[in-house]
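Asks: The lines below spell out each chain.
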Amino acid sequence: MLEIKNLHARIAEDGTEIIRGLNLTVKAGEIAAIMGPNGSGKSTLSYILSGRQDYEVTEGDILYNGESILELDPAERASKGIFLAFQYPLEIPGVATMQFLKVAMNEQRKARGEAELTTPDFIRRVKEAAEKLKIDQAMLRRPLNVGFSGGEKKRAEILQMALLEPKLCILDETDSGLDIDALKIVADGVNALKSPDRATIVITHYQRLLDYIVPDTVHVLYKGQIIRSGDKALALELEENGYADIIGEAA
Amino acid sequence: MNMQTTSRLTAAETALVEAFGAQIGELPGNGAVIGTRDRLLDELKKAGLPTRRIEAWHYTDLKNLLRSVPDVTLVSAIDAIAPLVEGSKVLSILQGTADAKAAVDGIDIALFKDRLADGSAAAGLTALDKDDAIGRINGSFVRDGYAITVPANTELEAPIELQALHAAGQVHTRFPVSFGAASKATIIERHRSVTEDAALVSSISDITLEDGADITWIILQTQGAADTHLGQIRVQLGTDAKLRLFVINAGGKLVRQELRIDVAGEGAELTLRGVNLLGAESHTDVTLVLGHNVPNTNSTEIIRNVVFDRANGVFQGMIRVAPDAQKTDAKMSCNTLLLTDDGGFSAKPELEIFADDVVCGHGATVADIESSHLFYLMARGVPENKARAMLVNAFVAEIVEELEEEKLVEALEGVISAWLEKHA
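From first to last, the protein sequence lines are chains A and B.
143 is the number that the numbering used here gives to position 143 of the first sequence; each next residue is one higher, with no gaps.
411 is the number that the numbering used here gives to position 411 of the second sequence; each next residue is one higher, with no gaps.
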């Protein structure tokens, strides 16, 4: 489903290279974990996959279902099914949450040539998804993410993911700032979306999240490259020994 | 060399003087009113329209910007339109003429032309200071309007809409409104053109809030693309009075809205909000002169501006805190979304504080749309142009939502999104 080939990318503003020859393949149905120490390029990778313009790809390619997505803007990528759950979801005052959800869902449907949702259908979907994630209706009446706690923001991200039904989900440090109960709710939300035609990339710092979202593959990102890949056992090994050994081997 | 020769009048100044001459004997007013009109016109003739050399007009050089003045047209076939908010009581003023049959249960309404005729309006016609060009123009030419008194302890359920519609020509209106003690009301002062031909509009609202009055006053200016709108609101707040004043500019070619506010009663509270939607080649100026003149009063002022095309905007915000106005709390901010390289916005906040125990602050920002916000919306599949429109709308909608009255918020949001759809 996703094939990243020899990807090099830098910060557009100052030219700092962050991704330095990254290779990664994620198949449909797979949950891939990307782990790595601070500053290894994990969040940058998630932004580049979703098309943020602050980064420039200088070499290599990203193929999604066999086609390069480098020329697509974030909205086009989203309507093709790529979804990024932000590490720090933004507060956007003045944009009503419900209105935003409706516009996003309908714009994606429009881009795919599907009919727009009727208002009752839209409301029913939001209600159902919100209930599962224990998101209270009052939260949905507020402006987008404004005044939400850290945990509420993360749940709101998963709510958007559930409603938009993406094909490639990228979760950027979704566990950060969550207590254990909130973590379970979020993980259940992610697991509920698991299906043979959907791939998920879980970016995380700690093994903790992977107890709840069990990965098929684990990749260690360091200095902009995948330096080691394995299965769930690799995550446990990292938890036990830290990154030092693996980094040492790679160096 | 110290003899000042009378400077040559500009085309617009000449047209004003001629229009006055043409209306001698026609403008309503008794001897006192006529005397005041003559004096105001004479002052206008001597001083000329203000230029950038006058501090209060530094960013709006009226002499240069007002190139021509249309002829006076008194009659025009205009019909009143549906009120902004359903269920409002409409007091229409069409091409500058108020409706003699206008009435609202529970409040006193008089025609301003009758106040001119009997001379009771004479004292209020004077200019506020030597640079008050709007006061002079309006005082010279005003024909009509409504004088409204809301009795003490009256609570109006439905908003009152002062519906000022005009076609081309000149329109000069005045609205003295007095809110009795502990009264409660919402007034929508709506200025709107029904044609694309140029008009010159001047309008002054002179409002007094007695003790404990709780008032929402909305000024909605949606003049035509060739119109000049010179607005002024003079406000006096009594003890514990509360005023929410919202000024929305979404039209006009040359616009100046002056807000002259005297916080004169302890415990009084002013909430001023402004939304300026600026497009095409327009010039829009909001000038606030706010006096906190007694102890223990507070005010907040937030002005939000969106600039497209070759539009220019100005906000001058002067807050004066009198020597004995201790415990004044005033916060002012002016935020601009500048969405063009060809337009501009000038913000001039000024604090003059003569008391020592006060909290006063101001801030001004000018920015483009936050790129991280744009990315967030686009990452959810919202196309760029739509995402931008949502963010611009959000920037001003946030202010309007403070009004809380649902129907009013919806109506104003409708005005804003319609404007943005046309201009963005």
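Derived from the structure by calculation, the hints contain no laboratory data.
Be aware that one or more of the hints could be misleading.
What the hints assert, rightly or not - Derived SDA-like pairs: lysine to any residue, alpha-carbon spacing no greater than 20 Å straight-line:
id	chain 1	residue 1	chain 2	residue 2
1	B	K386	A	K127
2	B	K386	A	E128
3	B	K63	B	P383
4	A	K102	B	G414
5	B	K386	A	R20
6	A	K80	B	K386
7	B	K386	A	R52
8	A	K102	B	T216
9	A	K102	B	S417
10	B	K386	A	E91
11	A	K80	B	S417
12	A	K102	B	N312
Asks: So which hints don't hold here, by number, going up?
Replies: Hints 1, 2, 3, 5, 8, 11, 12 contradicted; others consistent.
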